[in-house]
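Asker: In order, the protein sequences belong to chains A and B. If you're matching positions, the first sequence starts at 1 in the UniProt record's numbering and goes up one per residue. If you're matching positions, the second sequence starts at 1 in the UniProt record's numbering and goes up one per residue.
No lab work stands behind these hints: they were computed from the structure. Errors might be hidden in some of the hints.
Identical chains share a label here; the pair holds if one copy fits it or two copies do between them.
Claimed, not checked - Under the rule of at most 30 angstroms between Cα atoms (straight-line distance), these lysine-lysine pairs were calculated in the BS3-like manner:
| hint | residue 1 | residue 2 |
| --- | --- | --- |
| 1 | 41 | 374 |
| 2 | 156 | 108 |
| 3 | 296 | 41 |
| 4 | 41 | 297 |
| 5 | 182 | 41 |
| 6 | 294 | 41 |
| 7 | 182 | 115 |
| 8 | 106 | 156 |
| 9 | 296 | 182 |
| 10 | 115 | 296 |
| 11 | 297 | 182 |
| 12 | 115 | 294 |
| 13 | 297 | 115 |
| 14 | 246 | 212 |
| 15 | 156 | 113 |
Protein chains: 2
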Amino acid sequence: MSFTLEHKDPGSSARAGLFQTAHGPVHTPIFMPVGTVASVKGVHQRELREEVDPDIILGNTYHLYLRPGMDILEAAGGLHAFMGWDRAILTDSGGYQVYSLSANRKIKEEGVKFKSHIDGSYHVFTPERVMELQRSIGADIIMAFDECTPYPCDYKYAERSMHMTHRWLDRCLEHLEKVPPKYGYGQSFFPIVQGSTYKDLRERSAEYIASKGAVGNAIGGLSVGEPAEEMYAMAGAVCAILPEDKPRYLMGVGTPANILENIALGVDMFDCVMPTRNARNGMLFTSEGTINIKNKKWEADFSPLDPEGRTFVDREYTRAYLRHLFAANEYLGKQIATLHNLGFYLQLVREARQKIAEGTFAAWKDKMVRQMDKRL
Amino acid sequence: MSFTLEHKDPGSSARAGLFQTAHGPVHTPIFMPVGTVASVKGVHQRELREEVDPDIILGNTYHLYLRPGMDILEAAGGLHAFMGWDRAILTDSGGYQVYSLSANRKIKEEGVKFKSHIDGSYHVFTPERVMELQRSIGADIIMAFDECTPYPCDYKYAERSMHMTHRWLDRCLEHLEKVPPKYGYGQSFFPIVQGSTYKDLRERSAEYIASKGAVGNAIGGLSVGEPAEEMYAMAGAVCAILPEDKPRYLMGVGTPANILENIALGVDMFDCVMPTRNARNGMLFTSEGTINIKNKKWEADFSPLDPEGRTFVDREYTRAYLRHLFAANEYLGKQIATLHNLGFYLQLVREARQKIAEGTFAAWKDKMVRQMDKRL
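Can you make the complete structure from the sequences, with help from the hints?
Answerer: Written out as C-alpha cells, the structure reads:
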C-alpha cells in the first residue's frame with residue numbers, strides 16, 4: 001500500500017503514479033468502472049479484465065450491504081472471491097447513496113437512518129458500522145463515511161456538515177485502529193474532503209484531511225449538479241493543499257472532458273456511472289465526439305463502431321447493427337455500448353498517463369477536450 | 001449443399017451426418033440457438049462462436065422483416081454480414097410467428113394478413129413474398145411458408161390446413177425456380193410436414209413433402225402444447241417416411257430430453273427458445289437435472305456453476321454469485337445463464353453425435369433422459 005509519483009507534467013499539475021495494493025498495482029491517472037452490486041452491468045468479469053483492462057473497479061457499500069448482504073460476502077471470503085475479480089477494488093462508504101435517498105433518510109451526529117430502496121426496511125449507518133461493512137467486503141481501498149451535501153447548499157449547512165464529516169472521519173480512524181485485517185491483507189483508508197462549492201470551506205477541509213496523513217485522499221461532494229467551472233475551482237483549490245505524494249481521488253466524476261481537466265489539476269483517480277449508464281441509453285463516447293446510436297442517421301452505416309477503439313466490439317460490430325439492437329430493444333446493444341464506453345474511458349486515462357510521461361499532456365488535453373465535445 | 005449420412009446407431013433410428021452449406025459444415029445432430037432479431041439475446045457473437053460453438057444459428061423472418069427491415073439487410077449484404085456471423089444461418093418462414101399472433105392475423109389461400117406486434121401496422125405474407133424475404137436475409141437454409149396449426153386442432157381443420165400448406169409449398173418452389181441466388185451463394189430450401197397430431201395426416205403430408213426431393217425436410221406444428229408422447233409418435237411416423245439420406249429438422253423442439261428422444265427417432269436438427277428464454281428466468285439445464293438459481297438454497301453455494309460445463313461461465317462463476325445477480329436483477333445473470341444453457345445444449349448434441357458414432361447412443365440416451373429430469 002504505497003504510492004510512487006512517477007512523472008509530473010511540465011505544463012499542468014497532472015501527475016502519473018503507481019499505487020500498490022494487495023490485489024496488484026493501480027497505474028494513475030485511473031478511471032474505475034462502477035460495479036454497483038458486484039457486477040459492472042452487462043459486462044462479464046473476463047471481458048472487463050481482457051478488453052477494458054482497468055487495474056481497479058468500484059463497488060458500492062450501500063448496495064452490497066442490501067444485496068447480497070454481509071453474511072454472504074463474508075462466507076465467500078470477501079467481494080473479490082464472491083464476484084471473481086482478482087484485481088483491486090475500491091468501495092465507497094455509502095455516503096453518496098444515503099445522500100441520493102434524500103426523503104428516505106435522517107442524518108444525525110451519530111449516523112444516518114435510512115429506508116432501503118428495495119423493501120422499505122430501516123437501517124442505520126454510522127462511521128463505525130460502515131468501516132465494519134467495508135472490512136467485510138474486503139476492498140483494497142475503503143472510504144471514510146461522509147455527508148455528501150447537495151448543490152446548491154447554503155454556507156451554514158455546508159460548514160456544519162463539513163465539521164460533522166470531519167468528526168465522522170475521526171471516528172472511522174479510531175475504529176480502524178482497533179481492528180486487524182479481516183482477510184489477511186491490508187486495506188487502504190481514504191478520508192474525504194467536503195465543503196460544497198465554498199473555497200474557504202474546501203481549503204479548511206483539505207487541511208484537516210491532509211493532517212491525517214492517510215495513504216490517499218478523496219474529494220467528495222462535487223459532480224452533484226454544479227457548473228463544471230465550480231467543480232474545477234474546488235478541485236484545484238483542494239489539490240493545492242492535499243499532499244503531493246499521495247493519490248487524490250475525485251469521487252463521481254465525470255465526462256471525458258471533466259476527467260482530463262481534473263487530471264490537469266492534479267487528480268489521480270476517478271469513478272462515474274456515466275460511461276456505463278449512458279451506454280445503456282445508447283450514447284457512445286469517442287475521441288471525435290459523442291454518438292447517439294439511436295439516431296436514424298446510423299441506420300445504414302456499416303462502418304465499424306469505432307475504428308480507434310481498442311475492444312473487440314469496436315471492430316466486430318457496425319454502427320448500423322448497434323443502432324438496430326437499440327431499436328429492437330435487444331440487451332446485446334447495451335452490452336456492446338457499455339464495453340465500448342468503458343474501453344474508451346480506460347484508453348483515455350492510459351493515454352493521459354502516456355502524455356504525462358512524455359511531458360506533452362497539457363496541449364494534448366486541450367485538443368482532446370475540444371474534440372470530445374462534438375456531437376457526431 | 002449436400003448431406004452425408006456418416007453413422008447410424010444400431011440401437012435406435014439415430015443418425016450422425018454432415019450438411020454442407022455456403023457458410024461451413026453443419027454436423028448433425030445439431031441444436032440451433034435462436035437469434036430472433038439478429039442477436040442471440042445477451043450473447044456476443046464472439047462468445048457464441050468460441051464458447052457455445054454451434055455450426056448454425058436461427059433467425060426469424062417475421063422479426064427481421066419488421067426490424068431492421070429488408071432494405072437494411074440488403075444494404076448490409078445479408079444477415080451474416082449485418083450481424084457479423086460467418087457460419088451457417090437458417091431462417092424460419094414466419095409461419096410460427098403468424099400462428100402466435102392468433103387474434104391479430106387472417107389466414108387465406110393467398111396468404112396471411114397480420115398486424116405488427118410492434119406498431120400495429122398491417123402486413124401481408126404470401127409464399128412468394130416470404131421466399132423473397134428469405135432471399136434478402138440470405139440464410140443458408142430457408143423454410144417453406146406453412147400454416148402451423150394449434151393444439152388441439154379438429155381433424156377437418158388440420159386436413160384443410162395441411163392441403164393449403166402443400167399448395168403454399170408448391171408456390172414457394174415455383175417462385176424459387178425463377179430466381180437466381182442473391183448474394184452469390186446457394187440457399188437450401190426445406191419444405192415442412194404438417195398434419196397436427198393425426199397420424200394419417202402426418203403420413204400423407206410426409207409423403208407429399210418427400211415427393212418434392214428437397215435437400216432437407218422439416219416437421220412443423222409440434223411442440224405447440226401436445227403431450228410429449230404425441231410429439232414422439234408424430235415425429236416417429238414422419239421420420240419413417242422422409243428420405244433417410246436427407247436431414248430432418250424438427251421445428252421448435254425442445255427440452256434436452258425431447259431432443260434426445262427425437263434424435264432416437266431419426267431427427268437431425270432442432271431449434272428452441274427454451275435454453276435462452278428459461279435462462280433469462282433463472283433456470284439452468286445440467287446433465288444432473290435442472291436448477292432454479294433463484295432459490296435461496298444456492299445463496300451460499302460457492303461451487304462452480306457447473307463443473308461439467310464447457311463454457312467459461314461454468315468455471316468462472318459460482319452458483320451463489322449467479323443467484324445474487326438474479327436476486328439483484330442484474331442483467332449479467334441472464335447473460336451467464338444463457339451462455340451456460342446454450343453451452344449445455346450444444347454439448348449434449350455433440351455428445352449424442354459421438355455416441356451415435358460409437359454405436360452406444362440408445363443406452364446413453366435412456367440414462368441421460370432419466371438424469372436430466374431431476375430438479376436439483
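Asker: None of the hints should be skipped; say for each whether it holds.
Answerer: Going through the hints against the structure:
Only within a single protomer do residue 41 and residue 374 lie at most 30 angstroms apart by alpha-carbon distance; the minimum there is 27 angstroms, versus 32 angstroms between protomers. In this assembly of identical chains, the alpha carbons of residue 156 and residue 108 lie at most 30 angstroms apart only when taken from the same copy (16 angstroms versus 77 angstroms across copies). Proximity of residue 296 and residue 41 under a CA criterion of 30 angstroms is satisfied in both settings, with 26 angstroms inside one chain copy and 23 angstroms between copies. Taking the shortest Cα distances, residue 41 and residue 297 sit within 30 angstroms of each other both inside one copy (27 angstroms) and across copies (25 angstroms).
When the C-alpha separation of residue 182 and residue 41 is checked against a cutoff of 30 angstroms, the pair qualifies only within one copy, where the shortest distance is 28 angstroms, while the shortest distance between copies is 40 angstroms. Taking the shortest Cα distances, residue 294 and residue 41 sit within 30 angstroms of each other both inside one copy (20 angstroms) and across copies (19 angstroms). In this assembly of identical chains, residue 182 and residue 115 lie within 30 angstroms of each other by CA distance solely inside one copy; the values are 28 angstroms within and 61 angstroms between copies. Proximity of residue 106 and residue 156 under a CA criterion of 30 angstroms is satisfied intra-copy only: 18 angstroms inside one chain copy versus 71 angstroms between copies.
Taking identical chains as interchangeable, the C-alpha atoms of residue 296 and residue 182 lie at most 30 angstroms apart only when they sit on different chains, with a minimum of 26 angstroms there against 53 angstroms within one chain. Taking the shortest Cα distances, residue 115 and residue 296 sit within 30 angstroms of each other only across copies (24 angstroms), while inside one copy they are farther apart (42 angstroms). For a Cα distance limit of 30 angstroms, the shortest separation of residue 297 from residue 182 across copies, 26 angstroms, qualifies, whereas the shortest one inside one copy, 54 angstroms, does not. In this assembly of identical chains, residue 115 and residue 294 lie within 30 angstroms of each other by CA distance solely across copies; the values are 25 angstroms between and 36 angstroms within a copy.
For the identical chains of this complex, residue 297 and residue 115 are inter-copy neighbours only, at 27 angstroms across copies versus 44 angstroms inside a copy, given an alpha-carbon limit of 30 angstroms. For the identical chains of this complex, residue 246 and residue 212 are intra-copy neighbours only, at 12 angstroms inside a copy versus 79 angstroms across copies, given an alpha-carbon limit of 30 angstroms. Only within a single protomer do residue 156 and residue 113 lie at most 30 angstroms apart by alpha-carbon distance; the minimum there is 22 angstroms, versus 69 angstroms between protomers.
Hint compliance for this structure: no hint is broken.
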